[in-house]
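Participant: If you want the building blocks of each chain, they are given just below.
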Amino acid sequence: MASILEMKHITKRFGPVVANKDVSFSVEEGEVHALLGENGAGKSTLMNILFGLYEQTSGDIYYRGEPLNVRSPRDAIDRGIGMVHQHFMLIPAHSAIENVVLGYGGNKEVLDLKAAAKRFSEMADRYHMNIDPWEKVGKMSVGQQQRLEILKALYRDVDTLILDEPTAVLTPQEVEGLFDVIRQLIAEGKTVIFISHKLPEIMAICDRCTVLRQGEVAAAGLEVKSIKNLNELAHLMVGREVELVTAKTPSEPGEVILDVEDLNYINEKGIHVLKDVSFQVRAGEIVGVCGVDGNGQSELVKCLTGLLAPASGRVELLGKDVTHESAKNILDAGVGHIPEDRHKMGMVGAMNLRENIAMVDNYKEPYSTKGFMHWRWIDKHSRELVQKFSVKTPSIMEKAINLSGGNQQKMVVGRELSRETHLLIAVHPSRGLDIGATKYIQSQIVEARDRGAAVLMVSTELDEILEIPDRVLVIYGGRILACLEQAACSRNRLGLLMAGITEDDEEQPA
Amino acid sequence: MEGMTIKQRLQALLRTLYFPIMAIIASLLVGSIVILFTSKSNPFVAYGHMFQGGFGTKRSFDATLTKAIPLMFTALSFSIAKRSGIINLGAQGQFTAGAISATAVGIYLTGLPAAIHLPLTLLAGFIGGSLFGFITAALKVKFGASELIVTIMLNYIAALLAAYFVTGPMLEQLPPYYPQSPAIPKTARLGSFIPGLNVHTGLLIVLGGVFLYYFYLWKTTSGFRMRVVGLNPTAGEYAGMSVARSTILSLFLAGGLAGLGGAVEIIAVQGRLMITSFSESFGFTGIAVALLGNLNPLGIVFSGILFGGISAGSLRMEVLTRDVNASVAEVIQALIILFIAGRMMFQIKRRRKMTTAADPDVQDDVLAEDTEGADTPLPEPAIEKAGDQA
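Protein chains in written order, with my numbering: chain A, 1 to 510; chain B, 1001 to 1390.
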């Protein structure tokens, strides 16, 4: 098979920073080619150059043997290259078909949505994607939105499709569905570039892979079949040996720290989001909450931390009723909270590191006395924290937004762990982080447990749920469907539970 | 700042000053087109007169400073609210309310020594303004009313209240019954503090206000929380802060600062409350001053003086050119706001590709790129919010 795409000696500089250094990348027609690398390794930069969002500083691109010189995504699409971004580029208030034709109305003056919808539906059927062209995007699930994005690209007749971290938001079952679509695309002779840092997925779906590390090619065009184990790939990606398993001893649960009883929450739209949720977390154990996003995890954590008021039920912290306490008092009682969205909740991007570190405990000694900030002490504390939690930053005066995602998260985790915490609530602690940062943060969470803290960890990542918690609660539709000891968990069992299928359902004849 | 060489500091300073200076230059250029179209004068000659009139002599700088004082007060008002994430368009009304209540204390509480009467009058101005700020905050916190609309509407209420008082209860009972209050007695007046100059003690008060603004926001826990909530209310709530509290406090202070400005204007410059006391738009020009100064304490001082200079110099420009209208100054002030708001246009294009991003699809892509961050080594300097440097 011939190369459909050749990127030769691509270098991209942003001022003094070299994002891609002499990167050569070659993709054959009809293959799934993985582009693998940690966050910040230059994967997205390279693909954005290909897609016309950036221009390379030097180097050449050939597509189907001809020089490719795209100036915008529109050019790229015209040449047959489509991209599905990690964050979808859809307008929620518009219908599926309106999103599909957006910026692609053809040459006609009058927009014929019906004809477009017909063509769209035929395509959707061909790929076994059940999408109503007239449904509003805002009402679609994340998985459906992603399928819509793929169809949007296919509608524009692309023959090479770039998928940027496509599985980050999907359940295991949805991932299988995506893989089926990818297989069908390949069967039709299309080419897929699959950006990821998840090794098992690459083993499952890709033919070859190219590994980027710190902007350079660490391995080019490896046959995936020839890779014997994951550690080998991880090593290529990170450049050093990585423990893929976080070291952990069996837990020794102590007294009950968090006791939740029949918690119910009804949101402002009147939807019963949490239904009779009861569980306990003891000192020295990690309890995982696993489930697909949007099944009540977020509301559960907010009820526990005083950010939402439950409709009924009881939350006890160290034997004290805190159901209706303010967020401040709950934090004060010794709760550390690594929030679900560090950009929106966990930090203030426009503030510098020391201000972010002082954010939660600002009113306490030694952060302040009688209402006056002690910046000198905070500076010292911040420098220690940055060092202890290996946050990579030029200085503590750097704005948080300028740090990489992993370092932002390390800062948040460091801040929460260096407070006096009896209970640590960690929500998606490793979301969007590379292997190195993930393992580091997981080991810090295990360490907090070993120091005697109770830990409640919410995650959608099965790998994480299978590895870190001592017990696992599966949440579905606002209910705790199951509480399993870690040993009883398997990928398949959790995957089914996350989709709301309990064992009773399975046993029943269809 | 730690670990910064002098060169780095200078570079940081230049980066901060880049947008304001570009906005001023662009406004003067567009303003010169206005001059060309509306008069026969050479714009550069006109600007020369304006500069002379604003900064040329000791006397003109004296006038500039006097004009700058109320603008700095209203700029502080806008800034402290903005730091808490509130857009306060009501400085004009708060200024007016402060002027009314200061006048009331000034003309009714007579017989007191100046040492008591003057502070009481100033306090009355502060409270009058802060009451107006508090009304906005209460409506916002309690009913979720938009502060934009409430503050604008309160501006009308304040203006009509002032008109009512000077024609009714406070009307000076002397023929020919001009719509104005009696003169503020000497015990409640602010005078000049440098012999031979007109500039009054209000300058010291406003500079004190600027210092407190800085000290409060960056040195106290309450101010720190206000900035956190202002930049990211969700994060503020997560960290146990009360957004409502911050909203109320910031609007209270914002109203108070504008009200204090109104009090100073009456007792130091105008001498009495008049129907024409608020014909100048102190509140809205203050917004421009705050934005040009990037909500920064020193920035407010410098841009306040600049705006004071433009309005002080405009008279000289009108007189000496004979045909350039003084309202060109207001055009320039308005243009500065426009150019500050649209400051992205001065950004040196780092990504040539962005210029070709004509269709909405592409722009979406580019925007999402900014939010990703991880794979984008260089964050765009221009996406920083107005006023996020400490």
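Think of the hints as simulated: they come from the structure by calculation, not from any bench. There may be inaccurate statements among the hints.
[What the hints assert, rightly or not] Short derived list, chain A residues pointing at chain B, Cβ under 7 Å:
(1) W134
(2) L331
(3) P339
(4) M345
(5) N362
(6) K364
[Claimed, not checked] In silico DSBU-like pairs for lysine-lysine, Cα to Cα no more than 30 Å straight-line:
(7) A:K275 to A:K198
(8) B:K1219 to A:K380
(9) A:K370 to B:K1058
(10) A:K388 to A:K370
(11) A:K228 to A:K269
(12) A:K198 to A:K248
(13) B:K1219 to A:K364
(14) A:K275 to A:K21
(15) A:K136 to A:K328
(16) A:K380 to A:K328
(17) A:K380 to A:K370
(18) B:K1142 to A:K344
(19) A:K388 to A:K364
(20) A:K388 to B:K1219
(21) B:K1140 to A:K328
(22) A:K328 to B:K1219
(23) A:K392 to B:K1142
(24) A:K364 to A:K198
(25) A:K392 to B:K1140
(26) B:K1140 to A:K344
(27) A:K328 to A:K275
(28) A:K269 to B:K1186
(29) A:K269 to B:K1058
(30) A:K380 to B:K1007
(31) B:K1219 to A:K344
(32) B:K1142 to A:K328
(33) B:K1058 to B:K1142
Model, not experiment: these values are computed from the prediction. For glycine and all other residues, C-beta sits at the position ideal for the given N, C-alpha and C.
Participant: Work down the list of hints and note, for each, if the structure agrees.
Facilitator: Hint by hint, here is what the structure shows:
At about 21 Å, the closest approach between the beta carbon of W134 of chain A and any beta carbon in chain B exceeds 7 Å, and the interface hint on this residue is violated. Annotation: interface hint on L331 of chain A holds; nearest CB of chain B at approximately 5 Å, less than 7 Å. Checking P339 of chain A against chain B by beta carbon gives a least distance of about 6 Å; that is within 7 Å, so the hint holds. With its C-beta approaching chain B no nearer than about 4 Å, M345 of chain A sits inside the 7 Å limit, and its interface hint holds.
Taken as an interface hint, N362 of chain A checks out: its beta carbon lies about 5 Å from the nearest beta carbon of chain B, inside 7 Å. Look at K364 of chain A: its Cβ only gets to about 9 Å from chain B, farther than 7 Å, so that hint breaks. A distance of roughly 34 Å separates the Cα atoms of K275 of chain A and K198 of chain A; the hinted pair therefore is violated under the 30 Å criterion. Pair hint K1219 of chain B plus K380 of chain A holds up; C-alpha atoms about 17 Å apart against a cutoff of 30 Å.
Proximity of K370 of chain A to K1058 of chain B is assessed by CA-CA distance (about 45 Å); at most 30 Å being required, the pair is judged violated. Annotation: proposed proximity of K388 of chain A to K370 of chain A holds, straight-line Cα distance about 29 Å (limit 30 Å). Pair hint K228 of chain A plus K269 of chain A does not hold up; C-alpha atoms about 52 Å apart against a cutoff of 30 Å. Among the hinted pairs, K198 of chain A with K248 of chain A is consistent with the structure: their alpha-carbon atoms are about 22 Å apart, no more than 30 Å.
At roughly 14 Å between alpha-carbon atoms, K1219 of chain B and K364 of chain A fall within 30 Å of each other, so this suggested pair holds. Of the supplied pair hints, the one linking K275 of chain A and K21 of chain A is violated, its CA atoms being roughly 53 Å apart against a limit of 30 Å. Proposed proximity of K136 of chain A and K328 of chain A is contradicted: the alpha carbons are some 39 Å apart, above 30 Å. With a CA separation close to 25 Å, the supplied pair K380 of chain A and K328 of chain A stays within the 30 Å bound.
Restraint check for K380 of chain A and K370 of chain A: satisfied, since their Cα atoms lie roughly 20 Å apart, inside the 30 Å limit. The suggested pairing of K1142 of chain B with K344 of chain A holds, with an alpha-carbon distance near 24 Å, which does not exceed 30 Å. In summary, the hint linking K388 of chain A to K364 of chain A is supported, as the alpha carbons are separated by about 22 Å, within the 30 Å threshold. At most 30 Å may separate the alpha-carbon atoms for a hinted pair to count; K388 of chain A and K1219 of chain B meet this at roughly 27 Å.
Taking the CA atoms of K1140 of chain B and K328 of chain A, the gap is about 22 Å. The hint holds against a cut of 30 Å. A hinted pair counts as satisfied when its Cα atoms are at most 30 Å apart, and K328 of chain A with K1219 of chain B qualifies at roughly 21 Å. Between K392 of chain A and K1142 of chain B the CA atoms are separated by roughly 43 Å; this puts the pair beyond 30 Å, and the hint is violated. For the suggested pair K364 of chain A and K198 of chain A, the alpha carbons sit about 41 Å apart, so the restraint of at most 30 Å is broken.
Taking the CA atoms of K392 of chain A and K1140 of chain B, the gap is near 41 Å; set against the 30 Å cutoff, the hint is violated. A distance of roughly 22 Å separates the Cα atoms of K1140 of chain B and K344 of chain A; the hinted pair therefore holds under the 30 Å criterion. Taking the CA atoms of K328 of chain A and K275 of chain A, the gap is near 26 Å; set against the 30 Å cutoff, the hint holds. Of the supplied pair hints, the one linking K269 of chain A and K1186 of chain B is violated, its CA atoms being roughly 61 Å apart against a limit of 30 Å.
Under the criterion of a C-alpha separation no larger than 30 Å, the hint pairing K269 of chain A with K1058 of chain B is inconsistent with the structure, at around 65 Å. Straight-line distance between C-alpha atoms of K380 of chain A and K1007 of chain B comes to about 25 Å, which keeps the hinted pair within the 30 Å bound. Restraint check for K1219 of chain B and K344 of chain A: satisfied, since their Cα atoms lie roughly 25 Å apart, inside the 30 Å limit. Simply put, K1142 of chain B and K328 of chain A have alpha-carbon atoms about 21 Å apart, close enough for the 30 Å limit, and the pair holds.
Between K1058 of chain B and K1142 of chain B the alpha-carbon distance is near 51 Å, which puts this suggested pair outside the 30 Å criterion.
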